[in-house]
Amino acid sequence: MRRGGAVYEHNSIYQFKNDVPENGHRIDHCESNGDAGGWMINMAIKPTAPALSADLATNIIDSYLKPHWERFESERKKAEQEGRASDADAWMQLRDWQPILANSLRDAAGLSRE
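For what it's worth, the numbering used here labels the leading residue of the sequence shown as 1051, then goes sequentially.
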């Protein structure tokens, strides 16, 4: 049944000819393996290697994100002590982004989240 192109692990629809001119339109020819109820989850090709090296991710986290978290927390506390609630909220939002960014880098590098 396979005639070329990519075959996916959980395939329900297989495109064997792409961009074929017919009646003034360009179409794809597809086959079904019997489960033509729609596209299945996990059909996309999965990456085999992390998108980012673990060393680079760790370097960015340790050199940039952690120091910024500490600075933003310090500024938040200072603003809070001085009664500047809106400034404290702004510093808190910046501070709270640092772990989100760090975990995104960890995900891209295949590292465990913290």
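Hints may be right or wrong, so weigh each one.
In silico lysine to any residue, SDA-like type, Cα no more than 20 Å apart, as pairs [to be verified]:
| hint | residue 1 | residue 2 |
| --- | --- | --- |
| 1 | K1127 | I1110 |
| 2 | K1116 | D1105 |
| 3 | K1128 | M1142 |
| 4 | K1128 | H1118 |
| 5 | K1127 | D1146 |
| 6 | K1116 | G1074 |
| 7 | K1127 | P1117 |
| 8 | K1116 | S1103 |
| 9 | K1127 | L1106 |
| 10 | K1127 | A1138 |
| 11 | K1116 | L1106 |
| 12 | K1116 | A1140 |
| 13 | K1116 | D1069 |
| 14 | K1116 | P1071 |
| 15 | K1128 | L1106 |
| 16 | K1116 | L1102 |
| 17 | K1116 | R1145 |
| 18 | K1116 | Q1148 |
Have a look at the derived ranges for each label pair, beta carbon to beta carbon [claimed, not checked]:
| hint | residue 1 | residue 2 | range |
| --- | --- | --- | --- |
| 19 | T1108 | Q1131 | 52 to 60 Å |
| 20 | N1073 | Q1143 | 54 to 62 Å |
| 21 | A1104 | E1130 | 16 to 24 Å |
| 22 | R1121 | A1099 | 47 to 55 Å |
| 23 | L1106 | V1070 | 57 to 65 Å |
It is worth saying that the hints were derived from the structure and are not from the lab. Just so you know, even glycine gets a beta-carbon here, dropped at the ideal spot from N, CA and C.
Earlier hints that do not hold, by number: 1, 6, 9, 13, 14, 15, 19, 21, 22 and 23
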